[in-house]
Amino acid sequence: MEIEESFLYTKEHEWVSIEDNIATMGITDYAQGALGDVTYVELPEEETEVDQFEQFVSVESVKAASDIYAPISGKIVEVNRKLEENPSLVNKDCYGKGWIAKIEVRDMDESTNLMSADEYRSFLETLEH
Amino acid sequence: MSLETSLHNTPLVEEHIALGAKMVGFGGWNMPLQYESILAEWDYNRKAVSIFDCSHMGEFVIKGDAQETGLDKIVTQPILDMPVNTCRYGAMLNEQGGVIDDLIVYRKGQQDWMIVVNAANIEKNAHHFRTQLNPNAHFEDASFRTAKLDLQGPQSRDVLKVLAPGIEKLAYYTFGHFQIAGIPCLISRTGYTGELGYEIYCAWEKSKEIWQIILQDATVKPTGLGVRDVLRVEMCYSLYGHELDEATSPLEAGLDKFIDGKKEFIGRQAAFARPAQRTIGYLTSISRKSPRAGNIIFDAQGRRVGVVTSGTFSPALQLGIGIGFMAHPVADMGTDIFFGDDKAKTAAKIAKRPFYKGGSLKS
Chain A
1 MEIEESFLYT KEHEWVSIED NIATMGITDY AQGALGDVTY VELPEEETEV
51 DQFEQFVSVE SVKAASDIYA PISGKIVEVN RKLEENPSLV NKDCYGKGWI
101 AKIEVRDMDE STNLMSADEY RSFLETLEH
Chain U
130 MSLETSLHNT PLVEEHIALG AKMVGFGGWN MPLQYESILA EWDYNRKAVS
180 IFDCSHMGEF VIKGDAQETG LDKIVTQPIL DMPVNTCRYG AMLNEQGGVI
230 DDLIVYRKGQ QDWMIVVNAA NIEKNAHHFR TQLNPNAHFE DASFRTAKLD
280 LQGPQSRDVL KVLAPGIEKL AYYTFGHFQI AGIPCLISRT GYTGELGYEI
330 YCAWEKSKEI WQIILQDATV KPTGLGVRDV LRVEMCYSLY GHELDEATSP
380 LEAGLDKFID GKKEFIGRQA AFARPAQRTI GYLTSISRKS PRAGNIIFDA
430 QGRRVGVVTS GTFSPALQLG IGIGFMAHPV ADMGTDIFFG DDKAKTAAKI
480 AKRPFYKGGS LKS
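First to last, the sequence lines map onto chains A and U. Sequential numbering from 1 applies to the first sequence in my numbering. Sequential numbering from 130 applies to the second sequence in my numbering.
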């Protein structure tokens, strides 16, 4: 199970990487593995506002659709259009080319509601037992 | 853990776990969902050859004359004219004309029959046969001593004829008795994928040996129930619990051609007397977004006209596909519809069956 050390995580298995005030987000290695082959990503509209932990994307695998939640509040400034043609990027490179959206962070304090890599690793261990 | 221990295991459960399968409960059985990934397994099946463990399915043995035992009255398909060593798909109905199960009848001899049924329905079906067959009939539920391995795909014949010489002569929906490494098997040219394929029935305790021998051929890959469902939806084959159940008539479900209109069978009158209010239809999404079981079907005006019973992403079409029940005129080919719920709807079109037309089924 791959975990990016510098990223922050949610209990719903989204990751977020914040640089300046832009948060890039996607789903974790654990999430893509559990979903299986991703066949469709329903991207959010740019320029819309989302609240932390609000459902704003859905990711479909061959057999099921799953809700994805915003890891942090803010305005969606960019979405990964490459996923429209090539949703399998989420499986192949979930922390890199498989990113889903970029959010202009409204309130940096919300990052305290997220887990560090170590905390997420411990959280995953609790799921396995 | 209690859930896992309450599930039945097939004789191959250790093989699946050793191959790294993701296991899942299905119809009361602990089954491999996938070994590698559904898309990779789709390729193995449609382009080469793959093997499924279907030992969870039920097999009943009935001995006696089809009419004298009452067997002919239990199943919807004609069976009196079946030559020995052929099989025929059909169903059995309750008194209300609903489907108790869909099934395949194998005629092993003039008075020797094997009935293959769905795993989740084994007990219910056995009860139905025991109560409906005449006392002179010999009935045995052989489900837990009979394993079934499905070898499916365009290269299945090439692989199997080396192990079981003579299978290359089997025509579609016929079977014969063969040996694989000295183990007696009944092999039929049948399947649930739309590809050329064989179902291999053997003794429960011998199935592991056959599984291993077949997988020694590097062209054969194991495939799970995940891709099996995708393959059957691409072919528009019904799955009990989705397109078929005790409240659904076989006519609504599109099984007309598996019903003998000239004979008497349980549920016949009720099935024919019911006004057909809905019919089965097939839909293709305009995008990769896929219909899912339980989605509402809306017409172009936004009216609720049906419900999706099975839905998946189709690797063949690279689009979402689905099966559902809908009001009659809606099910006409080419009609514009939507699927989803009141909040979000996706455009789709009514399609002609099957979605996947390139299969090697009859090659």
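The reader is advised that the hints may include incorrect statements.
In silico BS3-like pairs for lysine-lysine, Cα to Cα no more than 30 Å straight-line [stated by the list, open to error]:
id : chain 1 : residue 1 : chain 2 : residue 2
1  : U       : Lys392    : A       : Lys102
2  : A       : Lys82     : U       : Lys253
3  : U       : Lys202    : A       : Lys75
4  : U       : Lys474    : A       : Lys82
5  : U       : Lys474    : A       : Lys75
6  : A       : Lys82     : U       : Lys298
7  : A       : Lys11     : U       : Lys474
8  : U       : Lys202    : U       : Lys253
9  : U       : Lys253    : A       : Lys92
10 : U       : Lys151    : A       : Lys92
11 : A       : Lys11     : U       : Lys350
12 : U       : Lys176    : A       : Lys92
13 : U       : Lys253    : A       : Lys97
14 : A       : Lys97     : U       : Lys202
Have a look at the derived ranges for each label pair, beta carbon to beta carbon [stated by the list, open to error]:
id : chain 1 : residue 1 : chain 2 : residue 2 : range
15 : U       : Asp465    : A       : Asp109    : 29 to 37 Å
16 : U       : Gly238    : A       : Thr126    : 43 to 51 Å
17 : A       : Glu119    : U       : Glu143    : 48 to 56 Å
18 : U       : Arg403    : A       : Glu4      : 56 to 64 Å
19 : U       : Lys290    : A       : Thr48     : 58 to 66 Å
20 : U       : Gly431    : A       : Ser111    : 24 to 32 Å
21 : U       : Gln345    : A       : Glu128    : 28 to 36 Å
It is worth saying that the hints were derived from the structure and are not from the lab. None of these values were measured; they are calculated from a predicted model. Backbone N, C-alpha and C fix where the C-beta goes; we use that ideal spot for every residue, glycine too.
Here is what the structure says about each hint:
1. A hinted pair counts as satisfied when its Cα atoms are at most 30 Å apart, and lysine 392 of chain U with lysine 102 of chain A does not qualify at roughly 66 Å.
2. Using a Cα cut-off of 30 Å, the hinted pair lysine 82 of chain A and lysine 253 of chain U is violated, with the two alpha carbons roughly 50 Å apart.
3. For the proposed pair lysine 202 of chain U and lysine 75 of chain A, the alpha carbon gap of about 66 Å is over 30 Å, so the pair is violated.
4. For the hint pairing lysine 474 of chain U with lysine 82 of chain A, the CA-to-CA distance comes to about 23 Å; that is within 30 Å, so the pair holds.
5. A distance of roughly 25 Å separates the Cα atoms of lysine 474 of chain U and lysine 75 of chain A; the hinted pair therefore holds under the 30 Å criterion.
6. Taking the CA atoms of lysine 82 of chain A and lysine 298 of chain U, the gap is near 49 Å; set against the 30 Å cutoff, the hint is violated.
7. Our distance criterion of 30 Å between C-alpha atoms is met by lysine 11 of chain A and lysine 474 of chain U, whose separation comes to about 29 Å.
8. For the hint pairing lysine 202 of chain U with lysine 253 of chain U, the CA-to-CA distance comes to about 17 Å; that is within 30 Å, so the pair holds.
9. Distance check on the hinted pair: lysine 253 of chain U and lysine 92 of chain A sit about 45 Å apart at the alpha-carbon level, beyond 30 Å; violated.
10. Our distance criterion of 30 Å between C-alpha atoms is met by lysine 151 of chain U and lysine 92 of chain A, whose separation comes to about 19 Å.
11. Distance restraint check for lysine 11 of chain A and lysine 350 of chain U: the Cα-Cα separation of roughly 36 Å exceeds the 30 Å cut-off, and the hinted pair is therefore not satisfied.
12. Annotation: proposed proximity of lysine 176 of chain U to lysine 92 of chain A holds, straight-line Cα distance about 23 Å (limit 30 Å).
13. For the proposed pair lysine 253 of chain U and lysine 97 of chain A, the alpha carbon gap of about 51 Å is over 30 Å, so the pair is violated.
14. For the given pair, lysine 97 of chain A sits about 61 Å from lysine 202 of chain U by alpha-carbon distance, which is inconsistent with the 30 Å threshold.
15. In this structure the hint that aspartate 465 of chain U and aspartate 109 of chain A lie 29 to 37 Å apart at CB is violated, the actual value being about 48 Å.
16. Between glycine 238 of chain U and threonine 126 of chain A the CB atoms are about 59 Å apart, so this pair departs from the stated range of 43 to 51 Å.
17. Between glutamate 119 of chain A and glutamate 143 of chain U the CB atoms are about 37 Å apart, so this pair departs from the stated range of 48 to 56 Å.
18. Checked against the hint of 56 to 64 Å, the pair arginine 403 of chain U and glutamate 4 of chain A passes, with Cβ atoms roughly 59 Å apart.
19. For lysine 290 of chain U paired with threonine 48 of chain A, a C-beta distance near 60 Å keeps the hint of 58 to 66 Å intact.
20. Glycine 431 of chain U and serine 111 of chain A have their C-beta atoms about 42 Å apart, which leaves the hinted 24 to 32 Å range violated.
21. A hinted range of 28 to 36 Å for the beta carbons of glutamine 345 of chain U and glutamate 128 of chain A is consistent with their spacing of about 34 Å.
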